Amino acid sequence: MSRERNLAKIAESTFSKLDKVHSEIFTMTYGAIVTTLVEDLDNVDEVNAQLDKMGHNIGERLVDELLAKTGLNPQPDMRYVMEIVTRVGFRIYLGITPTLSNWNADSTTVTLSFRDSALSDWVELPHTLDDLSYFQLVCGVIRGALEMLGMKVKCTITADKLKGAQTTDILVELQEVMQAKFYN
Amino acid sequence: MSYSFVIVSKNDSPIFEYVLNGDASESGHLNQFIIHAALDCVDEAQASTTQWFLRCVDRFNDKSIFAYITAGLTRFMLLAEPTSSTSIKSEDAIRSFFLDINECYLRHVMNPFYVEGQAISSDSFREKVANVARKYLL
Amino acid sequence: MEKTLKKGRPDIAMSSFSFLFAEMLNYFHSRASSSDELEGRLQAAGERLGLKVLELMTYREKANRKDTLESFLSFISNNVWRMLFGRPADGLQRIPADNSYMILESVPITNRYIEAGQLNPATFITGIIIGMLRAAGFNNPVETHVWKKDESTNETTNVYLVKSK
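The listed protein sequences correspond, in order, to chains L, G and H. 1 is the number of the first residue of the first sequence in the working numbering; add one for each residue after it. 1 is the number of the first residue of the second sequence in the working numbering; add one for each residue after it. 1 is the number of the first residue of the third sequence in the working numbering; add one for each residue after it.
Read the hints as simulated data drawn from the structure, not as lab findings. Keep in mind it's a predicted model, so treat the numbers as computed, not measured. Hints may contain errors.
[To be verified] Some, not all, of what chain G presents toward chain H, calculated at C-beta under 8 angstroms:
| id | residue |
| --- | --- |
| 1 | Phe60 |
| 2 | Asp62 |
| 3 | Val115 |
[Stated by the list, open to error] List time: in silico BS3-like cross-link candidates among lysine-lysine, alpha-carbon distance up to 25 angstroms:
| id | chain 1 | residue 1 | chain 2 | residue 2 |
| --- | --- | --- | --- | --- |
| 4 | H | Lys6 | G | Lys128 |
| 5 | L | Lys20 | H | Lys6 |
| 6 | G | Lys128 | G | Lys10 |
We treat Cβ as the ideally placed atom computed from N, Cα and C, and that holds for glycine.
Modelling step: build the complete structure from the supplied sequences, incorporating the hints.
Have a look at this one:
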């Protein structure tokens, strides 16, 4: 079986055993978090930084659960890990499977793309918040998760569906392979 | 037929206005006044039913004012005024108009950046209202 | 007009919500100078959802206006609870003595997997109820309590106490 189909099967079988929620409570809670931050903090850069930090915390805990529930135990191989991120991680936790494209020659950078998700249903950015990065949380999650797996990455949103693009694109760039924080 | 459509917030301020086939100037001002004055009739109509569509709540000369209330007590008001060419649309058409507007409005409310009572300035909302108006009221 | 308005997406893992909720709690905790303030912010966050939940649920269920508090609370503890949390609340009871109501829930999703110390994370849900009541014109105060299910056991239940105005 191809690696992709195997991961998809693992995702489905793991998901079937987990407690689930309807997406609405998740969508609305995230909306409440973002709007609270916008009101609390002085500028949009601070909001984006806070979302990234929250995402990072979530990513660390999420990958712990993901590995425990799936039995997966990947080496810090960027290609394989990003397949797990999209086909298993996103599938279970956000209900979507982003695509991976534009791998560079030595497999250290890739673009992850998705359209809609439970994170951004019904969201319309006001013009006063042009620089708000609604999906910054996702960047943090990817960063935090990959760090636990021994890979230090940089995540940049290069296209944002809430700002008119066809898809939301996140450029993931490997910066350093470290000692994995656990397993291995 | 010419129509003035107004969305009135829970605290009685107009947060959205749209005119179909009418002229926005003088009769426009009068129509806004008439719609606002009809709010009392909306309250009365509301007290006697648990339906959201309140039908025709008031009349002024040849103008009829229809109302619909949302779960969160926002009022949709439609003032219908016959012109020389056509007669008034059926109540069913107006009800369908309100139901579709409710859907547009709901999407707007679900936006986390929506602020209750604030004027609706979204272009996409206005475009959707225009489409719904054309569909049921022309 | 739009699929997710009418029907909603497929379910996601509950821990997605739990992780997100825990981060929200952490954030409020880091900025609150007292436990009262923390509780207040958590409740206020829930209140933001009230109008949205009310309008969405009414639309989806094609429900009519609830003109009594009891019928409205029944709508909340049944229909709304099912959409938000996947199942109806454990119960809705009236307290005749002061005409207040209790919505009962053993384990709110806000309290699963979360160690929150003194604060009851279900205050977020209390906020949602308050927001809904206010949006529909009821304006009753609501409090979060944890009560013993009965004298003999140590089993507890969360109580959202809807007080008369």
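Evaluation of the provided hints:
A least Cβ separation of about 26 angstroms between Phe60 of chain G and chain H goes past the 8 angstroms threshold, and the interface hint is therefore violated. The beta carbon of Asp62 of chain G comes no nearer than 31 angstroms to any beta carbon in chain H, farther than 8 angstroms, and the hint placing it at the interface is violated. With its C-beta approaching chain H no nearer than about 10 angstroms, Val115 of chain G sits outside the 8 angstroms limit, and its interface hint is violated. As the CA atoms of Lys6 of chain H and Lys128 of chain G are separated by approximately 17 angstroms, the hinted pair is consistent with the 25 angstroms bound.
In summary, the hint linking Lys20 of chain L to Lys6 of chain H is supported, as the alpha carbons are separated by about 20 angstroms, within the 25 angstroms threshold. For the suggested pair Lys128 of chain G and Lys10 of chain G, the alpha carbons sit about 22 angstroms apart, so the restraint of at most 25 angstroms is met.
Violation of the numbered hints given earlier is confined to hints 1, 2 and 3; the remaining hints are satisfied by the structure.
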